[in-house]
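The chain contents come next:
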Amino acid sequence: MDKWEYSESIESDSIVSIQSKYGHFIDGKFSTPNSKKYLKTVSPSTEEVLASISVGNKNDVDSAVNSAKEGFKIWSKTSPSERAKYLYKLARLIQERSREFAVLESMDGGKPIKESRDFDLPQVAANFFYFAGWADKLDISWGTKEIKPYGVVGQIIPWNFPLLMLAWKVAPALATGNTVVLKPAETTPLTALLFAELCEEVGLPKGVFNLVTGDGTTGSELVNHEGISKIAFTGSTSVGKYIQNAVGERDIGLTLELGGKAANIVYNDAALDQAVEGVVNGIFFNQGHVCCAGSRLLLQEDIHDEFINKLEKRMQTLRVGNPLDKNTDIGAINSKEQLDKITSLVNEGVNDGGELFQIECALPSEGYWYRPSLFTNVQPSYNIAREEIFGPVLTTLTFRTPEEAVEIANNTEYGLSAGVWTEKGSKILWTADRLDAGVIWANTFNKFDPSSPFGGYKESGFGREGGRHGLLSYLKVRS
Amino acid sequence: MTEIKKTYKNYVDGKYVRSESGKTYTIELKSESYELPLTSKKDLRDAVTSSKKGFDSWNKLSQYNRTQIIYRLSEMIEGNRDSYVELLVDHGLTKSTANKDIDNAINTIVWYAGLADKWEQLTGNLNPVDGEFFNISHQEPLGVVFTLNSDEVSIDKLIRSFLPSLSIGCSVISFSEKNAVLSLKLAEDVNNSDLPSGSLNLLSGDFTKVFDDISRHVEINALASYKKLNKESLKTINENASTSVKRIFHLPSEDGLSSILPFIETKTVWHPKGR
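Respectively, the protein sequence lines represent chains A and B.
Under our numbering, the letters of the first sequence match residues 1 to 479, in that order.
Under our numbering, the letters of the second sequence match residues 480 to 754, in that order.
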């Protein structure tokens with residue numbers, strides 16, 4: 001089936017105003033970096049330079065941590081219901097300026113406007129609303145009043161859901177009475193900088209939210225800073241391990257939300273068309289830049305050919321291109337570096353003997369793009385079946401029995417998420433009980449909600465974000 | 480008549496064993512001194528193998544059954560109260576403090592016994608997600624837990640270092656140093672309580688000789704120290720643990736619901752609602 005032609009429907013970028021240069025946000029105001037160093041943030045869909053952002057050095061991180069310490073003195077004396085109101089106000093402002101944030105997110109990160117507008121931004125506001133409501137109920141959240149915040153929390157977030165990851169980190173941290181020094185990803189700092197403006201606008205007390213932009217060296221300064229009482233990190237398992245190592249002799253809090261290589265198990269009694277949709281959403285959502293992406297398709301052997309046939313047809317209808325086009329399904333790969341990583345892993349998969357299917361489509365001449373890809377004829381030992389590719393690449397493995405499906409699914413160091421597709425309820429529960437994963441989607445995939453805890457088993461990290469359980473990541477609870 | 484003195488051994492996989500190294504260390508009490516196994520790295524690896532199996536067998540039992548097994552431990556201790564009191568007095572406690580400690584220990588066991596089939600109702604919940612989904616945060620035990628016990632002379636304190644993780648389904652390697660006589664004495668009642676082999680292994684020795692290995696061992700899922708660690712140990716432990724993202728808990732809560740929280744993995748399951 002040929003793809004229907006759509007007319008372009010471009011979301012206007014006139015709603016955003018990007019400054020040419022940004023400082024850090026410390027002590028309630030924007031400041032020029034002590035480092036005097038800047039790096040350029042680029043639109044991955046056009047390769048156009050959007051702005052220069054400050055690269056925080058030790059002194060910048062020092063100032064931010066000191067500001068957060070001062071902020072903690074005020075914030076810890078602010079009544080819980082007042083804290084709640086600040087967060088509610090932030091949630092409201094985010095809703096009001098949602099379109100502006102969504103466009104900026106798609107420009108800076110490359111994700112389709114359809115997703116930033118309909119997924120990221122509504123979820124961001126929802127997270128602030130949800131955790132705002134916990135701020136004055138912490139004493140009943142876990143059945144004890146013996147709870148207290150850590151103090152200054154250092155938070156490092158990735159580039160795949162820049163503002164949503166900020167919301168996942170900042171909303172619960174502030175609700176529980178901590179103050180924050182946040183370091184956004186090097187390639188996607190712009191929505192975090194816009195968020196800082198909102199903090200100024202709602203009159204959040206100085207020092208409660210601090211933002212230091214930069215690269216890995218900035219993150220490292222933050223992680224190693226003696227003034228931090230807790231570190232919360234989302235990103236790769238290798239950096240997570242670096243951070244746990246760097247904690248060293250310090251007796252501080254740590255939560256890690258790391259990589260994944262989720263199995264998406266399709267049994268032969270699944271509703272196949274629904275499963276195809278779920279598998280497509282599972283891996284191609286956000287260009288596959290998702291730690292919980294369903295990147296390993298586990299098919300029961302007898303439906304393999306039929307399923308792959310349906311899947312390839314469905315994949316061919318995916319529209320790759322301009323993130324600001326409302327019809328776009330797959331936007332730009334976030335950076336040149338990530339594109340190179342995906343390309344190299346896929347080449348390795350082909351060399352190993354995997355059979356590669358890529359959809360036929362034109363790709364824009366500028367920017368970083370990758371065609372939705374599917375591997376079949378894969379051995380579990382291939383790197384494409386073991387390593388997190390973090391791109392629009394799905395790897396297929398087969399199984400005969402439920403026991404074998406579980407064994408293959410768990411045969412990884414990761415344990416973040418998994419999917420199960422079957423019309424049989426008892427099989428869902430049997431399988432879910434046996435999967436080592438923190439989030440399991442049955443007959444659905446990639447669903448998120450602020451009330452739903454998210455986080456991994458094994459080397460996918462520890463601690464949960466979201467829900468009542470997410471509060472524990474920011475509270476010290478005794479008794 | 481010549482008095483017979485008890486030899487204390489490690490309790491691993493449901494058996495009383497000496498260290499394979501043959502090494503011992505001495506614990507001197509007021510009237511008696513004991514040679515205890517100085518646990519070696521090899522002993523520890525054996526304990527981990529046993530704990531892996533113990534985790535499965537402990538989890539095969541229903542929570543109702545686990546409740547009764549833990550409760551039985553309190554019955555056993557009550558039955559042997561005099562021998563515990565005698566041993567605690569030999570450790571320097573007064574008779575009344577020793578009795579009080581046993582009272583506390585029994586109360587603690589009874590509390591955790593009752594928790595074993597209720598904790599998930601307290602820590603798990605449905606989540607009110609926005610949309611037509613059933614969404615539940617199911618709670619699971621972390622796996623194999625290594626605990627370093629405090630040096631305080633107290634059966635209650637000792638029990639509080641393994642019951643939080645054990646009662647929710649983890650298997651535990653409980654490691655004692657200066658108060659190891661108490662722990663290995665307790666092994667006898669653990670053995671009589673129908674706990675499956677390997678669900679609770681009790682070891683004695685010098686933590687500084689084994690912590691490098693423990694924190695590196697990928698099949699130990701978590702290390703909980705109920706004894707304050709010095710900065711140097713903490714550094715090594717965190718560094719080693721980072722190679723497999725092992726969970727490290729330094730001085731976790733020993734009281735109430737918060738005592739079990741570190742040892743839980745939350746598994747959240749989504750399913751659409753529809754017709």
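To be clear, the hints were calculated from the coordinates, so they are not data collected in a lab.
Heads up, a few of these hints could be off.
Keeping only pairs whose Cα atoms sit at most 27 angstroms apart, straight-line, the calculated BS3-like set for lysine-lysine is [as the list claims (entries may be wrong)]:
| hint | chain 1 | residue 1 | chain 2 | residue 2 |
| --- | --- | --- | --- | --- |
| 1 | B | Lys597 | A | Lys145 |
| 2 | A | Lys476 | B | Lys484 |
| 3 | A | Lys427 | B | Lys531 |
| 4 | A | Lys241 | B | Lys707 |
| 5 | A | Lys447 | B | Lys531 |
| 6 | B | Lys539 | A | Lys427 |
| 7 | B | Lys710 | A | Lys58 |
| 8 | A | Lys148 | B | Lys710 |
| 9 | B | Lys688 | B | Lys636 |
| 10 | A | Lys427 | B | Lys710 |
| 11 | A | Lys476 | A | Lys241 |
| 12 | A | Lys69 | B | Lys714 |
| 13 | B | Lys521 | B | Lys706 |
| 14 | A | Lys230 | B | Lys539 |
| 15 | A | Lys427 | B | Lys532 |
| 16 | A | Lys77 | A | Lys137 |
| 17 | A | Lys114 | A | Lys29 |
| 18 | B | Lys636 | A | Lys424 |
| 19 | A | Lys241 | B | Lys636 |
| 20 | A | Lys230 | B | Lys579 |
| 21 | A | Lys241 | B | Lys710 |
| 22 | B | Lys597 | A | Lys148 |
| 23 | A | Lys148 | B | Lys706 |
| 24 | B | Lys707 | A | Lys230 |
| 25 | A | Lys137 | B | Lys706 |
| 26 | B | Lys752 | A | Lys424 |
| 27 | A | Lys476 | B | Lys710 |
| 28 | B | Lys532 | A | Lys69 |
| 29 | B | Lys752 | A | Lys114 |
| 30 | A | Lys148 | B | Lys509 |
| 31 | A | Lys230 | B | Lys532 |
| 32 | B | Lys688 | A | Lys241 |
| 33 | A | Lys58 | B | Lys531 |
Tell me if the straight-line CA distance from A/Lys230 to B/Lys579 falls inside 27 angstroms. Violated, at roughly 38 angstroms.
Check whether the Cα positions of B/Lys532 and A/Lys69 lie no farther apart than 27 angstroms. Given pair B/Lys532, A/Lys69 is violated - Cα atoms ~47 angstroms apart, limit 27 angstroms.
Given the hint that B/Lys636 pairs with A/Lys424, does the C-alpha gap stay at or below 27 angstroms? Not OK: B/Lys636 and A/Lys424 at ~47 angstroms, beyond 27 angstroms, violated.
Is it true that the CA of A/Lys427 sits at most 27 angstroms from the CA of B/Lys531? holds (26 angstroms)
Taking 27 angstroms as the top limit, are the C-alpha atoms of A/Lys58 and B/Lys531 close enough? violated (45 angstroms)
Proposed proximity, B/Lys707 with A/Lys241 (alpha carbon, max 27 angstroms): holds (24 angstroms)
Pair hint outcome, A/Lys241 versus B/Lys710 [Cα-Cα no greater than 27 angstroms]: It holds: about 19 angstroms lies between the C-alpha atoms, which stays within 27 angstroms.
Straight-line Cα separation of B/Lys752 and A/Lys114 no greater than 27 angstroms? Given pair B/Lys752, A/Lys114 holds - Cα atoms ~25 angstroms apart, limit 27 angstroms.
Mind checking the alpha carbons of B/Lys710 and A/Lys58 for me, to see if they're no more than 27 angstroms apart? Distance of about 24 angstroms is within 27 angstroms: holds.
Would the hint linking A/Lys241 and B/Lys636 be met if the CA-CA limit is 27 angstroms? violated (33 angstroms)
Are the Cα positions of B/Lys707 and A/Lys230 separated by 27 angstroms at most? holds (19 angstroms)
Check the hint pairing B/Lys688 with A/Lys241 against an upper bound of 27 angstroms on the C-alpha distance. holds (24 angstroms)
Violated hints for the displayed structure, listed by number in ascending order: 2, 5, 10, 14, 17, 18, 19, 20, 25, 28, 30, 31, 33.
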